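Sequences are here, hints too, so could you generate the full structure?
Read top to bottom, the protein sequences are chains V and R. For what it's worth, the numbering used here labels the leading residue of the first sequence as 1, then goes sequentially. For what it's worth, the numbering used here labels the leading residue of the second sequence as 1, then goes sequentially.
Don't take each hint at face value.
[Stated by the list, open to error] Once the Cα atoms are required to be at most 27 Å apart in a straight line, the calculated DSS-like pairs of lysine-lysine come out as:
hint, chain 1, residue 1, chain 2, residue 2
1, V, K502, V, K599
2, V, K531, V, K546
3, V, K586, V, K502
4, R, K34, V, K586
5, V, K586, R, K30
6, V, K546, V, K535
[What the hints assert, rightly or not] Label pairs and their calculated CB-CB ranges:
hint, chain 1, residue 1, chain 2, residue 2, range
7, V, M22, R, W21, 38 to 46 Å
8, V, R481, R, A23, 35 to 43 Å
9, V, I532, R, A16, 27 to 35 Å
10, V, S479, R, V9, 30 to 38 Å
11, R, A12, V, G296, 24 to 32 Å
Hints were generated in silico from the structure; no laboratory data involved. This structure is a prediction, so every number in the text was calculated from the model and none was measured. A virtual CB, placed ideally from N, CA and C, is assigned to each residue, including glycine.
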Amino acid sequence: MNFITSGPVASIWASVLLAAIMLIAAGAGRRLLGLVRIPDGVFLPSEAGLYSLMLGLTSLSLAILIIGWLVFLNAAVLWAVLAVFGLLAVPRRGTRFFKFDFKPPSSRLILTVIALILFLSWLQALAPAIGMDALSYHLEHPRQFLMRHRIGYVPYTRESLWAYQTEMLFTLGLGIQGATLAVLFHWAYYPLTAWGMYVLAMRLAGPRAALRAALFFMLTPVAFAQSGYAYVDLALAFYTLLSVNAFVAFSQDEAPSLALLCGLAAGAAAGTKYLGLASAIVLAVLLAVRFRFRPGILARFLAGCALAGGIWYLRSWIVIGNPVYPFFRKFFGSGFDFDIAANVGMGSGLRSFALLLWRMTMHPMAFGGQMLGPLFLLFLPCVFLVWPRRWTREAAFTIVFGVFYTFLLFKLSQHLRFYLSIAALLSVGSAWVFCRLREARGWVAAIAAGALAALVVLHLGIFTYRLRSVWRVDAGLESARAYLEAHERSFRAYEFLQERVKPGETFFNDGEVRYFYNPVPGMAFSCTPLKIALKSRGLTISDYVKRQGFDYILYEADEGGWDPVVRELAKAGVYRLAYQYDFYEKPASFHYEVYQKVK
Amino acid sequence: MKNKTLQAVLLAVWFAAVLGWYAISVLVPKLQGKI
Numbered sequence: 001m002n003f004i005t006s007g008p009v010a011s012i013w014a015s016v017l018l019a020a021i022m023l024i025a026a027g028a029g030r031r032l033l034g035l036v037r038i039p040d041g042v043f044l045p046s047e048a049g050l051y052s053l054m055l056g057l058t059s060l061s062l063a064i065l066i067i068g069w070l071v072f073l074n075a076a077v078l079w080a081v082l083a084v085f086g087l088l089a090v091p092r093r094g095t096r097f098f099k100f101d102f103k104p105p106s107s108r109l110i111l112t113v114i115a116l117i118l119f120l121s122w123l124q125a126l127a128p129a130i131g132m133d134a135l136s137y138h139l140e141h142p143r144q145f146l147m148r149h150r151i152g153y154v155p156y157t158r159e160s161l162w163a164y165q166t167e168m169l170f171t172l173g174l175g176i177q178g179a180t181l182a183v184l185f186h187w188a189y190y191p192l193t194a195w196g197m198y199v200l201a202m203r204l205a206g207p208r209a210a211l212r213a214a215l216f217f218m219l220t221p222v223a224f225a226q227s228g229y230a231y232v233d234l235a236l237a238f239y240t241l242l243s244v245n246a247f248v249a250f251s252q253d254e255a256p257s258l259a260l261l262c263g264l265a266a267g268a269a270a271g272t273k274y275l276g277l278a279s280a281i282v283l284a285v286l287l288a289v290r291f292r293f294r295p296g297i298l299a300r301f302l303a304g305c306a307l308a309g310g311i312w313y314l315r316s317w318i319v320i321g322n323p324v325y326p327f328f329r330k331f332f333g334s335g336f337d338f339d340i341a342a343n344v345g346m347g348s349g350l351r352s353f354a355l356l357l358w359r360m361t362m363h364p365m366a367f368g369g370q371m372l373g374p375l376f377l378l379f380l381p382c383v384f385l386v387w388p389r390r391w392t393r394e395a396a397f398t399i400v401f402g403v404f405y406t407f408l409l410f411k412l413s414q415h416l417r418f419y420l421s422i423a424a425l426l427s428v429g430s431a432w433v434f435c436r437l438r439e440a441r442g443w444v445a446a447i448a449a450g451a452l453a454a455l456v457v458l459h460l461g462i463f464t465y466r467l468r469s470v471w472r473v474d475a476g477l478e479s480a481r482a483y484l485e486a487h488e489r490s491f492r493a494y495e496f497l498q499e500r501v502k503p504g505e506t507f508f509n510d511g512e513v514r515y516f517y518n519p520v521p522g523m524a525f526s527c528t529p530l531k532i533a534l535k536s537r538g539l540t541i542s543d544y545v546k547r548q549g550f551d552y553i554l555y556e557a558d559e560g561g562w563d564p565v566v567r568e569l570a571k572a573g574v575y576r577l578a579y580q581y582d583f584y585e586k587p588a589s590f591h592y593e594v595y596q597k598v599k
Numbered sequence: 001m002k003n004k005t006l007q008a009v010l011l012a013v014w015f016a017a018v019l020g021w022y023a024i025s026v027l028v029p030k031l032q033g034k035i
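Here you go:
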């Protein structure tokens, strides 16, 4: 089961399914939103639809988790879950899904640019799945859940008990269609986050800034790049943004049910990635300060968090004794030391924090290789030219949230993609500054407009350039296999194994962490949890490999830190080199060797 | 800031500096395949 799908027919089918599932989720979510009891007149146009979708997608993910945890998981069960949600989604007469408010005169041009970016990103997302973390676990573990017919702990993995809300959607996508639908689920969070931008900016800065904020976010290269991978960072940005928006709405309207909604969104963020916990903590502190430590408010917020995201932490605690495995080993007793900040970032002091925006813009390779683009650095510092007479309380709280959350992320890890929710907030700020510059008229307005026009052209060029390798496979002129042979470093090794390995033969993967295209059931792999388990029995990986006598071993020769036991065994005549190849993936080259046991 | 001309000059200088620096440190190396 490798779930490879590509070409026009698969792409259109996956896109139709995505649209149908989004409508079903929004419809079912609208019922759930009714239970939250938000008073009439609190929501802006389109906000109810957005929160309905948030609740629908969250509850759909939770339903898949619970059903996959308890019963036999397969495609029929997933279709049945969708059918139940479909019944819940049947609209009542007179309900409106959402309404946009596009009054500014230039909105048609902005909408056209947004639509073009969306189309380019959709083309990008239709290519066969690649990406380090996607193939290592975001897609691999849903594949394992489907092959094992159960959602649970995958032995010796670091991640399979993490907060997997978005991975439940990937499970659904793989189960009912294939990898195309799974990737499209993450792609969908790209326009959804832009929509979230729109409503937050509408609340903080008015309609002119709102549409520009959405455009600015869509123009961010890291957001565009992420929308083509089955990662979860855009989903995290979406839920984080909705929690901030609910906080702002609560601060403006003080309807207590908004504290619950804020908690539900923060819980959905925490259910998407552990980093969501950081934003929930900052929001809890801000709620306490803003509402003078009223216990009822905090209780509603925490109840929302627990309801939407608590189950992931409970699950990990029940199964492995640590709610945030493998972190905090000393505190919980299980887990291991693992540094998510390793090899990225530029310093961790206050000076580095102050220079973070400049450095992230100008030194992309130091922050994970993806580009933030110059837009925020261009416009945000211009706030000093258009400084307002007074800041609204909500704007001040949003800025405080942004600074503290950025600081927490900065201390935890400096991977640029983890900062997508911050990029979203920066989009609101930049859009507001841009609108103020335009209001100044004369040369100031002309220079601001000229700079934005140049950036739009530049970014559209960058986005189009990114598509140079995918349009042939999207159009069906290149097969998925040919595409993956050229663009995915692990694929040729797995293709070789698919042809050679007979039923019942065993395979040990010593060094390639991208497992998604592995065709051999029950593959054993070298990893920290295995090494810890072996160490507790006084064994090493070498001992393990010698004792197990695997039929095939995949060895990545340039990967640091792995035990090259296989070469030792090959010299001793136990194994022979059956296949090897080199692969260049910017900025490194890789050398793969597949060894076969000598019979 | 009330002086519109000064505002425009500052804006133009800042934009030119950021875009120029960005072109040199990111775009050119990217096009050359160095990053």
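Here is what the structure says about each hint:
| no. | hint | result |
| --- | --- | --- |
| 1 | K502/V - K599/V | holds (14 Å) |
| 2 | K531/V - K546/V | holds (14 Å) |
| 3 | K586/V - K502/V | violated (34 Å) |
| 4 | K34/R - K586/V | holds (9 Å) |
| 5 | K586/V - K30/R | holds (11 Å) |
| 6 | K546/V - K535/V | holds (15 Å) |
| 7 | M22/V - W21/R: 38 to 46 Å | holds (41 Å) |
| 8 | R481/V - A23/R: 35 to 43 Å | holds (38 Å) |
| 9 | I532/V - A16/R: 27 to 35 Å | violated (55 Å) |
| 10 | S479/V - V9/R: 30 to 38 Å | violated (57 Å) |
| 11 | A12/R - G296/V: 24 to 32 Å | violated (53 Å) |
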